[in-house]
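Taken in sequence, the protein lines are chains D and G. Numbered per full-length UniProt numbering, the first sequence finishes at 323, counting up by one with no gaps. Numbered per full-length UniProt numbering, the second sequence finishes at 323, counting up by one with no gaps.
Hint data in this document are derived by calculation from the structure and do not stem from the laboratory. Don't take each hint at face value.
As the list makes no split between identical chains, a pair holds if one copy fits it or if it spans any two.
Unchecked claim - The calculated DMTMM-like cross-link candidates involving lysine to aspartate or glutamate, where the alpha carbons are at most 25 Å apart (straight line), are:
#  : residue 1 : residue 2
1  : Lys212    : Asp304
2  : Lys5      : Glu125
3  : Lys212    : Asp155
4  : Lys37     : Glu70
5  : Lys83     : Glu300
6  : Lys83     : Asp304
7  : Lys37     : Asp304
8  : Lys212    : Asp243
9  : Lys212    : Glu199
10 : Lys158    : Asp243
11 : Lys55     : Glu39
Protein chains: 2
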Amino acid sequence: MGSLKSNLDLVNECDNFPYFDIPSAKGLPSERYFKFKLEGRDEALGYVLPDIARKFPESKVFNRDDGSMELIFKPGDVPTDPKQAAVCRTKVLAAYLQDVRENNIFQVLTGWRNELYPVYGLNRELLFSMERSASALFGIVTYGVHMTAYTQNSDSIKIWTPRRSPTKQTYPGMMDNTVAGGLSTGERPFGCLIRESMEEASLPEAVVRSAKACGTMTYFHVRDERAGGEVGLCQPECQYVYDLVLPEDVVPKPGDNEAVDFQLLSISEAQEAMAAGRFKPNCALLLLEFFVRHGIVTPENEPDYLELVSRLHRRLEFPMGQS
Amino acid sequence: MGSLKSNLDLVNECDNFPYFDIPSAKGLPSERYFKFKLEGRDEALGYVLPDIARKFPESKVFNRDDGSMELIFKPGDVPTDPKQAAVCRTKVLAAYLQDVRENNIFQVLTGWRNELYPVYGLNRELLFSMERSASALFGIVTYGVHMTAYTQNSDSIKIWTPRRSPTKQTYPGMMDNTVAGGLSTGERPFGCLIRESMEEASLPEAVVRSAKACGTMTYFHVRDERAGGEVGLCQPECQYVYDLVLPEDVVPKPGDNEAVDFQLLSISEAQEAMAAGRFKPNCALLLLEFFVRHGIVTPENEPDYLELVSRLHRRLEFPMGQS
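Okay, chain D solo, but in the shape it has when bound (with noise of 0.2 Å):
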């Protein structure tokens, strides 16, 4: 076991996409990643590492122009009407990406999820829909819905934990928040999390109605081997926020195989398995976000508290979508 990480570390760990006002940033991200773009559109949809954008196959469909550091999404013509447009695109891309997958290009693909994930543009329109799989290929901004279900009696918070299957692809035996999952095109926040809490943690939709609507996290992660595949990817993340206080008879149980256990942390029990490193590390961040709103780390207790609270929530340079 390593040293004790601070709360700051955790973030840094995290939300390790530099800042373009800093020293160690080393210029605009601009000129060091490819930009993902659509035909005809102006604005950077996610960030492309060098070797990444060279591996792409070059088709009629994907461009590539290394003086402007474009990767260029070309599906051609598509129907005037937005949803119809979207529509089209997510079609071509698929097809586009399918057979990138059989020429087994990407270590991440080998991870195909067969779930779609959505891509805005600048007036948060959905412009297209892409396999889950390949997001941190292209940079794009992934969306989650996280949950921390707690008990409370007078001062005392008790928060339900996961340990996520030893067998699990990603981040395997690390600890978890309390339900965690991602939002797929044309689901709502609300919705995934009523989903995913009964099949993460077999808590009925009568019981979840009563979460809370907390804010969202956002951080701009580039990926380690933890991850799985590829390194260095870019991975801009939003994730919703929701509290759930649960009557101490109310208890979480695994209802999938992405979880082996549920264990009830007192909050200090959960901050020595932060430290020691033992979550996985966005929801070490959720967490540490839960701490912040509830009055657990404080200006008087941590004394990176400023830089924290605005890392937590780091606006990301991409075009989102309406929550």
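Add chain G to chain D, keeping to what the hints say.
Coordinates of chain G only, in the frame set by chain D:
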């Protein structure tokens, strides 16, 4: 009365310094503003409008470099002990600013407060302090506390809301947060909160002790005429956020000449006043942040949710203090 403001309008009005990565930014801030620096150190401590930078009288302790666009404070030799060095720099700056004030160069200095605000370096060390009314000339980060005191019955929250005195220098007659005040050098956030709660709202320490720290709100404001003084000054701010549940028989009362009275507003009354532009801009934001944390503004009822939450926690590009 103008048209109603959306929550995003309210954010845009307060967090109105451009982001570097959007089209309207017109280049990096460092190309449009003078950087305020301490001699011998690299970090920019604030941004200064070129017109303002050119009005500062050059002196032995103050130097303007038009080429590198830097306004450099040169206190000369200071003690090696960091605390003594800060005291020494503070004295030199105070003497210089007193001179500037007496020469009637800047309107904002007519609001001289005799109150010192801290300026921190990259390692969060106090570099020196500066007269409060001068802070916007240099564009340094200022710190404050804001507290929302509210009553809570089953599902209904009501918020104690003061109206600012019609004779106040800044934002006269507008609605405010229950308690709000600036953090002077050496003052701790919770200590400041307790002092201001008594001064502004006649809330005794025994009551305020149960206030809960809930994070920070940060934004980068560019001042307009409502703030008084020069227009266009940079005002990056960091507010420590507190919640206080009050029993119904505890009623805040004006304790000084800041507020005329306190009203207990329902959520919808507060939201109507926000939309009508009746709140001081940063106080509207503080309420918005409260509504997000309390599940009142949600992904389901606020199309701009994702943008709002990040914007309320802007990462400021200047060094900040240890909390």
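Hint by hint, here is what the structure shows:
1. Lys212 - Asp304: between (27 Å within a copy, 18 Å between copies)
2. Lys5 - Glu125: So Lys5 and Glu125 pass the 25 Å test across copies only (22 Å; inside, 40 Å).
3. Lys212 - Asp155: both (20 Å within a copy, 12 Å between copies)
4. Lys37 - Glu70: within (7 Å within a copy, 37 Å between copies)
5. Lys83 - Glu300: So Lys83 and Glu300 pass the 25 Å test across copies only (21 Å; inside, 50 Å).
6. Lys83 - Asp304: This pair counts as between: shortest inter-copy Cα distance 20 Å, intra-copy 45 Å.
7. Lys37 - Asp304: Classified as between; 23 Å across copies, 37 Å inside a copy.
8. Lys212 - Asp243: Both ways: Lys212 and Asp243 sit 5 Å apart in one copy and 17 Å across, limit 25 Å.
9. Lys212 - Glu199: Close inside one copy (19 Å), not across copies (34 Å); limit 25 Å.
10. Lys158 - Asp243: both (12 Å within a copy, 21 Å between copies)
11. Lys55 - Glu39: The answer is within: 19 Å in one copy meets 25 Å, while 48 Å across copies does not.
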